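Residue numbers (the working numbering), protein chains in the order written: chain A, 1 to 277; chain B, 1 to 304.
Derived from the structure by calculation, the hints contain no laboratory data.
Incorrect hints may appear among the rest.
Claimed, not checked - With a cut-off of at most 25 Å between alpha-carbon atoms, the simulated DSS-like pairs for lysine-lysine come out as follows:
{"no.": "1", "chain 1": "A", "residue 1": "K172", "chain 2": "B", "residue 2": "K263"}
{"no.": "2", "chain 1": "A", "residue 1": "K140", "chain 2": "B", "residue 2": "K279"}
{"no.": "3", "chain 1": "B", "residue 1": "K263", "chain 2": "A", "residue 2": "K67"}
{"no.": "4", "chain 1": "A", "residue 1": "K164", "chain 2": "B", "residue 2": "K262"}
{"no.": "5", "chain 1": "A", "residue 1": "K246", "chain 2": "A", "residue 2": "K201"}
{"no.": "6", "chain 1": "B", "residue 1": "K262", "chain 2": "A", "residue 2": "K140"}
{"no.": "7", "chain 1": "A", "residue 1": "K164", "chain 2": "B", "residue 2": "K263"}
{"no.": "8", "chain 1": "B", "residue 1": "K222", "chain 2": "B", "residue 2": "K160"}
{"no.": "9", "chain 1": "A", "residue 1": "K162", "chain 2": "B", "residue 2": "K263"}
Keep in mind the model is a prediction, meaning the values are calculated, not measured.
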Amino acid sequence: MKYSKLLPTIFITTLLPIAAIAAEDEKIWNNVLKPEYFAGQAIEESDNIIELEAPVRAEDPALVPIKVTSKVKQTKEHYIKKILVLVDNNPFPFVGEFEFTPESGKADIAMRIRVNSNSNIRAIAQINDGKLMMTKKFVKASGGCSAPIGANLDEAMSRLGKIKFRLENEVKAGEPNLVQLMISHPNITGMQMDQVTRFVKKSHFVKDVKVTFNGKPVLTAKTDIAISADPNFRFYFVPEKAGDLKAEVTDTSCELPTKRDVCAKGNTYTETFKVQP
Amino acid sequence: MRILLLFALFMVSVQTTAATVLPVKEITTGVYVHFGKHQFPDSKNHGEIANLGFIVGQKCVAVIDSGGNPEQGLALKQAVTETTQTPICYVINTHVHPDHINGNSAFKAAGVKLVGHHKLARAMSARGSYYLDKAADQLGVKMSAADLIPPDIEVKDSMKLDLGGRTLVLKAHPTAHTDNDLTVYDEKTNTIWLSDLLFTEHVPTLDGSLKGWLSEIDKLEKQSFHYVIPGHGELVTDWPQSMQAQKHYLTLLLTEIRAAIKKGQHLEDAVQTVGYSEKNNWALFDDYHRKNVTTAFAELEWED
Ligand SMILES: [Zn+2]
Numbered sequence: 001m002k003y004s005k006l007l008p009t010i011f012i013t014t015l016l017p018i019a020a021i022a023a024e025d026e027k028i029w030n031n032v033l034k035p036e037y038f039a040g041q042a043i044e045e046s047d048n049i050i051e052l053e054a055p056v057r058a059e060d061p062a063l064v065p066i067k068v069t070s071k072v073k074q075t076k077e078h079y080i081k082k083i084l085v086l087v088d089n090n091p092f093p094f095v096g097e098f099e100f101t102p103e104s105g106k107a108d109i110a111m112r113i114r115v116n117s118n119s120n121i122r123a124i125a126q127i128n129d130g131k132l133m134m135t136k137k138f139v140k141a142s143g144g145c146s147a148p149i150g151a152n153l154d155e156a157m158s159r160l161g162k163i164k165f166r167l168e169n170e171v172k173a174g175e176p177n178l179v180q181l182m183i184s185h186p187n188i189t190g191m192q193m194d195q196v197t198r199f200v201k202k203s204h205f206v207k208d209v210k211v212t213f214n215g216k217p218v219l220t221a222k223t224d225i226a227i228s229a230d231p232n233f234r235f236y237f238v239p240e241k242a243g244d245l246k247a248e249v250t251d252t253s254c255e256l257p258t259k260r261d262v263c264a265k266g267n268t269y270t271e272t273f274k275v276q277p
Numbered sequence: 001m002r003i004l005l006l007f008a009l010f011m012v013s014v015q016t017t018a019a020t021v022l023p024v025k026e027i028t029t030g031v032y033v034h035f036g037k038h039q040f041p042d043s044k045n046h047g048e049i050a051n052l053g054f055i056v057g058q059k060c061v062a063v064i065d066s067g068g069n070p071e072q073g074l075a076l077k078q079a080v081t082e083t084t085q086t087p088i089c090y091v092i093n094t095h096v097h098p099d100h101i102n103g104n105s106a107f108k109a110a111g112v113k114l115v116g117h118h119k120l121a122r123a124m125s126a127r128g129s130y131y132l133d134k135a136a137d138q139l140g141v142k143m144s145a146a147d148l149i150p151p152d153i154e155v156k157d158s159m160k161l162d163l164g165g166r167t168l169v170l171k172a173h174p175t176a177h178t179d180n181d182l183t184v185y186d187e188k189t190n191t192i193w194l195s196d197l198l199f200t201e202h203v204p205t206l207d208g209s210l211k212g213w214l215s216e217i218d219k220l221e222k223q224s225f226h227y228v229i230p231g232h233g234e235l236v237t238d239w240p241q242s243m244q245a246q247k248h249y250l251t252l253l254l255t256e257i258r259a260a261i262k263k264g265q266h267l268e269d270a271v272q273t274v275g276y277s278e279k280n281n282w283a284l285f286d287d288y289h290r291k292n293v294t295t296a297f298a299e300l301e302w303e304d
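Kindly generate the complete structure, drawing on both the sequences and the hints.
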């Protein structure tokens, strides 16, 4: 190991013009992610339909709070159907895909994610008429000693499958109400150093989250290893009258951390919460 | 201008590689400590920020933490050689953080055993590839998987190491600063090497369990020690007095985060509001405080 070899490289990197860095930022999107998820489709980049909030720096790479806020009302005629969230530079960029209905009230979704290195985080909304709108934020990775894993694996494991709903305010009938869903799950990435093979542990993560109110879908999500340990989501639902908010959470375990073709069937955990407007 | 700068960088790098003996201080008979500077690990300090050292017995030397990169490990090894002819038998890793264990490969030799908490290897495996990327990106240190060596001896609860004429008592703690904290107690001088279970001046960094850490502090506080060596900060000779600042900081996090959760605040709100009365009491507060609140919040929100 010689610093003398490494230092000039770092020096030159900092001299790169901003434009070149920006182009670099779009490389994975243009070459890999866009063709994979939206081949041949036009995507408009704008903050008019959805906005993305994310911290400038990922203070804890294991727990980066982000929030997608919609700027349009969910109506039968015009609504956001789906929001896809990606972290370009993560080893597995897919964070989750969140489906909404006109009954969701408001297509907002807040969550906590893992961010491995400096990266664009992007949210792409699909409107019911097929239009695609994208917004993004650049998040700087943090240095220091933490890692995008989770601080207390055994604790999360011991609570595995425990689910909590938390209502933010007094419930109002016929209006969008904000609800928090907390799922205790270690969401193991399966990213391990091969050299210490004794501990190779396959990924073990929440892959499906279904929330219904009185049987009607409120939020349907496909999620992956970029979701932090103890997955946490905030979203809206519209209760017309008293009823049951129900969560159905299914996990899986895949052979390889960045491939999804060979995965074992996991367990399903459920929780019901009585809502009284 | 550019040539000048490159030349300056060249000089710096020559200086860095030439400094091969790590300065250490004998704080009490046979206990040598290198005190790190309170800096955020970066490409200037190459992650060389933690307190490191060694304890010398009649038969064996035990090194405690190997350094922030392999080169610092070599400099520490050199410091041992300059101090004593007694061979190194053990390299104790106090926990998984890179500033403490990135020097492991420098000590690889026949007869040298690496010692760590029974959960250390798992943590190294889970974090290893990420830490290697960070070493290249942020520390300007080139390391490979071969530099991250898991322990040969794992401590489940506690273990004694006989160095010849002095015994070290190692204790594996429940999740506190991390889930793999190991402390080293030297019976002969009543010295305890707490490593990152104790921070003085440098803001404590939480990467395990806030409640777990406070509970370990409570137990340690009731014991008496002549000398206490923190992972970051100066030698403590007035135990438990110098630990009160850390206890206060961690207790404040506990109280204020519980209150924030009760009020219905979210993680992103708590990060902006909790604990800022401590801002001027600590070095590197802006670098680590929000991370501490984040980790603690994720723990405390599961309390019933
Ligand atoms: Zn540490």
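Verification of the hints:
1. A:K172 <-> B:K263: holds (19 Å)
2. A:K140 <-> B:K279: Status holds; Cα separation ~23 Å.
3. B:K263 <-> A:K67: holds (20 Å)
4. A:K164 <-> B:K262: Between K164 (chain A) and K262 (chain B) the Cα gap is close to 15 Å, so the pair holds against 25 Å.
5. A:K246 <-> A:K201: violated (31 Å)
6. B:K262 <-> A:K140: The given pair, whose Cα atoms are some 31 Å apart, is violated under the 25 Å limit.
7. A:K164 <-> B:K263: Between K164 (chain A) and K263 (chain B) the Cα gap is close to 17 Å, so the pair holds against 25 Å.
8. B:K222 <-> B:K160: holds (22 Å)
9. A:K162 <-> B:K263: holds (22 Å)
In this structure, the hints that do not hold are numbers 5 and 6, in rising order.
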